[in-house]
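Participant: Each chain, written out:
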Amino acid sequence: MEVKILSAKFDIEGAHNIEVAKEHGAYATLDKLFTMDPAEVTTIVKDSGLRGRGGAGFPAGLKWSFLPKDLDKPVYLCVNSDESEPATFKDRYILVRDPHMLIEGIIICCYAINCQDTYIYIRGEYTSQVKILQAAIDEAYAAGYLGEKACGQDFRIDVTVHRGAGAYVCGEETALLESIEGKKGQPRSKPPFPAVEGLYGCPTIINNVQTIASLPFILAQGADAYKAHGTEKSSGTHLFGISGLVQKPGMYELPLGLPLLEVLDKVAGGLREGRTLKGVIPGGSSTPVLTPEEAQTVTLDYESMAEHNTMFGSGGIVVLDDTVDIVKLVENLIYFYHHESCGQCTPCREGLGWMLKIVKKIIRGEGSTKDIDLLLELCDNIEMKTVCVLSAACTMPVRSYLNKFRHEFEAYVAGGASSQSAM
Amino acid sequence: MAEKIKLFVNGQEVEVESGKNLVDAIGAVGIEIPHLCYHPALGADGNCRMCLVGIEDGRPPLVPACKTRAVEGMKVQLDTDKIRKIQRDVMEFELVNHPVDCPVCDQAGECKLQDYYMQYDGQKSRMSVPQVRKAKHLDFGCGVIHDQERCILCARCVRFTRMITKTGELGIVNRTDYARVTIFPGRPLANRYALNVVDLCPVGAMTSQDFRFKQRAWFLTKSKSICHGCAKGCNIFIDHNREKYKDDIIYRFRPRLNEQINGYFMCDEGRMSYKLENEQRLTKPVLNGKVADFGTTVEGIRRALSQAQKMLFVVSPNCSLEEMRAIQQFAASQNATLSGYSDGYIKQGDGDDYLIQDDKSANRAGLELLGIDSSKTGFETAVAEADLLISFQNDLTRTLGAEACNQLKERMVLISIGSHEDSLTQMAAIMLPVASYSEKDGTIVNADRILQRYAVAVEKNAPPVTLIQAVAQLGGEITSLESAWDDLNTVVAGLNKVDFAQIPEQGLALTDSEVSNVAA
Chain X
1 MEVKILSAKF
11 DIEGAHNIEV
21 AKEHGAYATL
31 DKLFTMDPAE
41 VTTIVKDSGL
51 RGRGGAGFPA
61 GLKWSFLPKD
71 LDKPVYLCVN
81 SDESEPATFK
91 DRYILVRDPH
101 MLIEGIIICC
111 YAINCQDTYI
121 YIRGEYTSQV
131 KILQAAIDEA
141 YAAGYLGEKA
151 CGQDFRIDVT
161 VHRGAGAYVC
171 GEETALLESI
181 EGKKGQPRSK
191 PPFPAVEGLY
201 GCPTIINNVQ
211 TIASLPFILA
221 QGADAYKAHG
231 TEKSSGTHLF
241 GISGLVQKPG
251 MYELPLGLPL
261 LEVLDKVAGG
271 LREGRTLKGV
281 IPGGSSTPVL
291 TPEEAQTVTL
301 DYESMAEHNT
311 MFGSGGIVVL
321 DDTVDIVKLV
331 ENLIYFYHHE
341 SCGQCTPCRE
351 GLGWMLKIVK
361 KIIRGEGSTK
371 DIDLLLELCD
381 NIEMKTVCVL
391 SAACTMPVRS
401 YLNKFRHEFE
411 AYVAGGASSQ
421 SAM
Chain G
1001 MAEKIKLFVN
1011 GQEVEVESGK
1021 NLVDAIGAVG
1031 IEIPHLCYHP
1041 ALGADGNCRM
1051 CLVGIEDGRP
1061 PLVPACKTRA
1071 VEGMKVQLDT
1081 DKIRKIQRDV
1091 MEFELVNHPV
1101 DCPVCDQAGE
1111 CKLQDYYMQY
1121 DGQKSRMSVP
1131 QVRKAKHLDF
1141 GCGVIHDQER
1151 CILCARCVRF
1161 TRMITKTGEL
1171 GIVNRTDYAR
1181 VTIFPGRPLA
1191 NRYALNVVDL
1201 CPVGAMTSQD
1211 FRFKQRAWFL
1221 TKSKSICHGC
1231 AKGCNIFIDH
1241 NREKYKDDII
1251 YRFRPRLNEQ
1261 INGYFMCDEG
1271 RMSYKLENEQ
1281 RLTKPVLNGK
1291 VADFGTTVEG
1301 IRRALSQAQK
1311 MLFVVSPNCS
1321 LEEMRAIQQF
1331 AASQNATLSG
1341 YSDGYIKQGD
1351 GDDYLIQDDK
1361 SANRAGLELL
1371 GIDSSKTGFE
1381 TAVAEADLLI
1391 SFQNDLTRTL
1401 GAEACNQLKE
1411 RMVLISIGSH
1421 EDSLTQMAAI
1431 MLPVASYSEK
1441 DGTIVNADRI
1451 LQRYAVAVEK
1461 NAPPVTLIQA
1471 VAQLGGEITS
1481 LESAWDDLNT
1491 VVAGLNKVDF
1501 AQIPEQGLAL
1511 TDSEVSNVAA
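If you read the protein sequences in the order shown, they are chains X and G. Residue numbers for the first sequence follow our numbering, so the first one is 1 and each next one is one higher. Residue numbers for the second sequence follow our numbering, so the first one is 1001 and each next one is one higher.
Rather than coming from a laboratory, the hints here were simulated on the basis of the structure. A few of these clues could be false.
To be verified - For each label pair, taking beta carbons as the anchor points, the in silico distance ranges come out as:
{"no.": "1", "chain 1": "X", "residue 1": "Asp380", "chain 2": "G", "residue 2": "Asp1350", "range": "54 to 60 Å"}
{"no.": "2", "chain 1": "X", "residue 1": "Pro59", "chain 2": "G", "residue 2": "Glu1056", "range": "24 to 30 Å"}
{"no.": "3", "chain 1": "G", "residue 1": "Val1173", "chain 2": "X", "residue 2": "Asn403", "range": "54 to 60 Å"}
Said to hold, decoys possible - The list that follows gives simulated cross-link-like pairs (lysine to any residue, SDA-like), each with its CA atoms no further than 20 Å apart:
{"no.": "4", "chain 1": "G", "residue 1": "Lys1067", "chain 2": "X", "residue 2": "Glu178"}
{"no.": "5", "chain 1": "X", "residue 1": "Lys357", "chain 2": "G", "residue 2": "Pro1185"}
{"no.": "6", "chain 1": "X", "residue 1": "Lys183", "chain 2": "G", "residue 2": "Asp1081"}
{"no.": "7", "chain 1": "G", "residue 1": "Lys1067", "chain 2": "X", "residue 2": "Pro191"}
{"no.": "8", "chain 1": "X", "residue 1": "Lys183", "chain 2": "G", "residue 2": "Gly1043"}
{"no.": "9", "chain 1": "X", "residue 1": "Lys370", "chain 2": "G", "residue 2": "Val1096"}
{"no.": "10", "chain 1": "G", "residue 1": "Lys1166", "chain 2": "X", "residue 2": "Glu181"}
{"no.": "11", "chain 1": "X", "residue 1": "Lys183", "chain 2": "G", "residue 2": "Pro1099"}
{"no.": "12", "chain 1": "G", "residue 1": "Lys1124", "chain 2": "X", "residue 2": "Leu376"}
{"no.": "13", "chain 1": "X", "residue 1": "Lys184", "chain 2": "G", "residue 2": "Pro1185"}
{"no.": "14", "chain 1": "X", "residue 1": "Lys190", "chain 2": "G", "residue 2": "Pro1060"}
{"no.": "15", "chain 1": "X", "residue 1": "Lys190", "chain 2": "G", "residue 2": "Asp1057"}
{"no.": "16", "chain 1": "X", "residue 1": "Lys184", "chain 2": "G", "residue 2": "Thr1182"}
{"no.": "17", "chain 1": "G", "residue 1": "Lys1085", "chain 2": "X", "residue 2": "Glu383"}
{"no.": "18", "chain 1": "G", "residue 1": "Lys1067", "chain 2": "X", "residue 2": "Ser189"}
{"no.": "19", "chain 1": "G", "residue 1": "Lys1067", "chain 2": "X", "residue 2": "Arg188"}
Please read these numbers as outputs of a predicted model, since none were measured by experiment. Using N, Cα and C, we set each Cβ at its ideal position, and we do this for glycine too.
Work out the full structure, taking the sequences as your base and the hints as a guide.
Facilitator: Put into C-alpha cells, the structure is as follows:
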C-alpha cells in the first residue's frame, strides 16, 4: 500500500546531506524549472490537485493565484513547520530525513510566485530538527542553490529559519506572521487575507512543509503522475502518522483514498491482541472522532472525511481501543487547547478554561448531567465566535466525544470514577 | 459633510455616513452595537467579540462590527435571536472569571460590564467551578491602580500606551485565561497622559489612586467645562457632588470629546488640577490686614483708587474675555495703565507636540485679541511710576518673584482681587475674593485661537462674587456677561460678528478674519 514519493529518500543513510541527496536526484528539477514560465509552474501545481497539507486542504495552486497582480511590494513565502497538532509528526520526517526536498520545493515556489524571501517558521521544540535543517540550508547556499544568484539564475532567493517560542497557535498562519514580525503570536482578523496583506503588510503565501516538499515530484513527473495517486478530488500521497493503540505505530506514506480500517490492519499491524476498536481520531487531535461503525466506511481522503462529519486534518491518525477512557481523553484534549489559547478572544480565553474545570469536576465524581449538557452548550457558544479556529479545534472534537460517547460521561456522573484506565 | 449611504439594520433602512465601521456608522443614528474593546481613538482590535453582527448574504455571515466597514445596501442583523444569544454568551464568558465585586468597585455605575449585563445578559451564573485568581491592587505608576481579576483584556490601555503616548509601558503577558495586563518589572507607567487609561478601561480594572473610594459614580453631577491648566483648553467634565450639610466639592476632571481640540483625552496635570478648585480658596475679604465684609472692602479699594496718582492694573491671562474687557474698560475709565504681564505663567519647554502647552494660562490669546499689553517693558515702565497696583487674579510672584513683589508692597498700595490664595494675595494690603472658573460663566481663546464657552459647574453654598461683579461694584461699566459681549462685539474687530450666546460646543475657530457664527 505504501508509496515512496515524499519518503523516497527517507531510508537512505545521510540523505539530509546535500551530496547524498543529489546522488538520489535532489535539485534535478531546477534545470527544467528555469526554462518554464512562472505561470506555467502554477498551472502544473493547480492541475496536480495538490491540496494544502497543513490540515485545511486548500488547493495550493489556487492559493498562489490569489496574489495580487502588478505588485509594487515584495512577496513573501512562509513555510509552516510549526507542526504542533497533537498526534501529528509528518513534517519532522521531511525536515530531518530529506530537508533538500523542502529547499528544492521552496525554490520552485519562489520562482512561481516571484518571491525572494522565504521564512521557515519551525516549531521551537524541534531543536535537533532545526540544526539539521539549518545545516542543509547552509549547504544549499554553499552550493549556489540559494543566495544572490540562486541556481545560477538572475534570481535572488534567501531562506531564513525562524524558531517559534512554543505556542501551538503560531501554526495558525496569521499568528505565525505576527510571531515572525516579533510580536506576540496572536491570529489576525481576516480579511485582509495574507495573500493580499501578510508579512510586514506584504502579500504572503503560507504553505505547509509537506505541501512545498511535494513540488519537486510534481514538477519532475508532471501533474498527471501526481494525480495517478489518490482520488479525483484528493490527489497524490500523504504522510500519515499512525499512533495510538496499534501494533505498528509509525509514519507511512500512502496514496489518498484508502479505506481507513484496511490501512490500520495492513499497514499499522492492527489492534493489540484481544482488543476491540473504540474509535479513531482521523487527522490530528482537532478532528472529530470516528466510531468503529463510521470507521468501517471512511476512506483516507478529504471528501470521505467530510461525509463522515469529520476532517482529513493533518494525517495524524490516533487509534483508540477499548482500554481508552474517553472522559480522560477529553480532559487531556481540553487541557491542551486551553493551555494553547492565545487569550485574545473572550469566548476561547474564558470558555476553554471553564470547560476544562467542568470535565475535571466530572472526573472527580462531582458532576451532574447538567454539566454534560453545559459542556455541549459551551462548545456551541465558543465555536466560530473567535478570530481564528483554535477554539473550534477544541470544541469540534469535544462535541463529537460528548455525542458519541455520552454514556462514558454519564457513567462518571452516576458512579464516580470509571473502571476504565486512562489512555 | 461625509457622503451618506443607505443600509439596512434589522430590515429597517437607515442612512449613515460612509467610510465608517458599523459600530460608529450605525451608532451615529442611535442604534447601539455593544462593544468593549473598540474605541474610536484606538481603532478596532476585535478581541472582545461583543460586537459580532450578522450580515445577510454576507461572507462570512458573522463579522465583528468594529472591523467591518459600512457598505451601501448591506443588510445588518442585530436584533435576531442568534445575535442576541451571542451577546449573552460573550457576556457570560466575560463574567465567568470576573470577581463581580461591584459593591466595592469604583467603576460601578459607569461600568460597561454592568450596563451590558443588564441590557444583553441578565441570566444567572452557571459557574460552579473555581474562578481564575489573579493579582489585585497593582501600582502601575502615575496614580494608576490595576486589578487583574476585573480586567477583561480588551487591551484598550495597552493600545493607548502604544498608539497615543507611544511609550508602550503596558502589555499583555501569558496566554489563555492566565493572560494579564502588566508593566515590565520596575518600569511603571511614565507618561503625562497615563490616567487616561482609567477612563478608557470599560470595567473597574484600572482605577485612579486619587479618586478610588472617594465617591460613587452615580452621586456625581457631571458638568461640562474647559480645563484651565494650560493654553490648550481641553474639554472636560467636572464631576462634583454636594453631600448633605456640606459644600459642593469637585472629585475629578475627566476629558470630554472635542475632535477639534483634545479628542478623547487630557493630560494628567490638567486632570489633577481639579484639586486647585477645591483647595486654597479665598473666601473672606481682607482690608488692611483684617478680615472685613465685602462692601467695606470694596469701599476701601474705591478710597485707595481715589487717592492714587498713578495706577497700574494687572490682569491674569486666565481671566475670561468678558472679565478682561470689563477690566480694560474700568482701567480706561480710571486712567489706569493695564498690563497683562504674566511671563511666569509660561514654562518654556514644558509642552509637547500633543496636548500640553508651555503656556500654563487659559486665555493668553484673549489678551492679544483685546490689545492688552503683556510686555515686560510695558509693565516695568508702568510699575516704576505707579503708587497703586491692582492684581486681577494675576499672581505676580510667579513672574517677578516674591522678593520683587515685597519691594512693590513697600512703595505702593498693593490690592489683590483673586480666587486663590497665593504669595501675592498674602502680601496685598487689600484682598477681595472672587469666583474661580468652575463657579462662573466665561469665554476663552486657546492657543490655536479657538473660542470656547464654559458655564457655571459648581454652585457653592455661598456663591462667590464673580470678577465682573466685583469690577462693576468698583465702578466698572460692564455689569454682566451680556454687556461684556455687546462691548466685545463693538470694540474688538475680530469678534464683531461673534454671537457669544451661540458659540458651538466644539468651539469657534478664529483662524480666518471673517469669523462669524451669526445666522445670515
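Participant: Each of the hints needs a verdict: does it hold here or not?
Facilitator: Against the structure, the hints come out as follows:
Checked against the hint of 54 to 60 Å, the C-beta distance between aspartate 380 (chain X) and aspartate 1350 (chain G) comes to roughly 57 Å, which is consistent with it. Taking the beta carbon of each, proline 59 (chain X) and glutamate 1056 (chain G) are about 29 Å apart, inside 24 to 30 Å as hinted. Separated by about 37 Å at the C-beta atoms, valine 1173 (chain G) and asparagine 403 (chain X) break the suggested range of 54 to 60 Å. Annotation: proposed proximity of lysine 1067 (chain G) to glutamate 178 (chain X) holds, straight-line Cα distance about 18 Å (limit 20 Å).
Proximity of lysine 357 (chain X) to proline 1185 (chain G) is assessed by CA-CA distance (about 31 Å); at most 20 Å being required, the pair is judged violated. Distance hint between lysine 183 (chain X) and aspartate 1081 (chain G) is unfulfilled; the C-alpha atoms sit about 38 Å from each other, more than 20 Å. Between lysine 1067 (chain G) and proline 191 (chain X) the CA atoms are separated by roughly 9 Å; this keeps the pair inside 20 Å, and the hint holds. For the given pair, lysine 183 (chain X) sits about 18 Å from glycine 1043 (chain G) by alpha-carbon distance, which is consistent with the 20 Å threshold.
Among the hinted pairs, lysine 370 (chain X) with valine 1096 (chain G) is consistent with the structure: their alpha-carbon atoms are about 17 Å apart, no more than 20 Å. Pair hint lysine 1166 (chain G) plus glutamate 181 (chain X) holds up; C-alpha atoms about 19 Å apart against a cutoff of 20 Å. Annotation: proposed proximity of lysine 183 (chain X) to proline 1099 (chain G) is violated, straight-line Cα distance about 30 Å (limit 20 Å). A threshold of 20 Å between alpha carbons decides the hint, and for lysine 1124 (chain G) with leucine 376 (chain X) the separation of about 18 Å falls inside it, so the pair holds.
Among the hinted pairs, lysine 184 (chain X) with proline 1185 (chain G) is consistent with the structure: their alpha-carbon atoms are about 18 Å apart, no more than 20 Å. Of the supplied pair hints, the one linking lysine 190 (chain X) and proline 1060 (chain G) holds, its CA atoms being roughly 10 Å apart against a limit of 20 Å. This hinted pair checks out: lysine 190 (chain X) and aspartate 1057 (chain G) have alpha carbons roughly 18 Å apart, not beyond 20 Å. With a CA separation close to 14 Å, the supplied pair lysine 184 (chain X) and threonine 1182 (chain G) stays within the 20 Å bound.
A threshold of 20 Å between alpha carbons decides the hint, and for lysine 1085 (chain G) with glutamate 383 (chain X) the separation of about 13 Å falls inside it, so the pair holds. Proposed proximity of lysine 1067 (chain G) and serine 189 (chain X) is supported: the alpha carbons are some 8 Å apart, at most 20 Å. A hinted pair counts as satisfied when its Cα atoms are at most 20 Å apart, and lysine 1067 (chain G) with arginine 188 (chain X) qualifies at roughly 11 Å.
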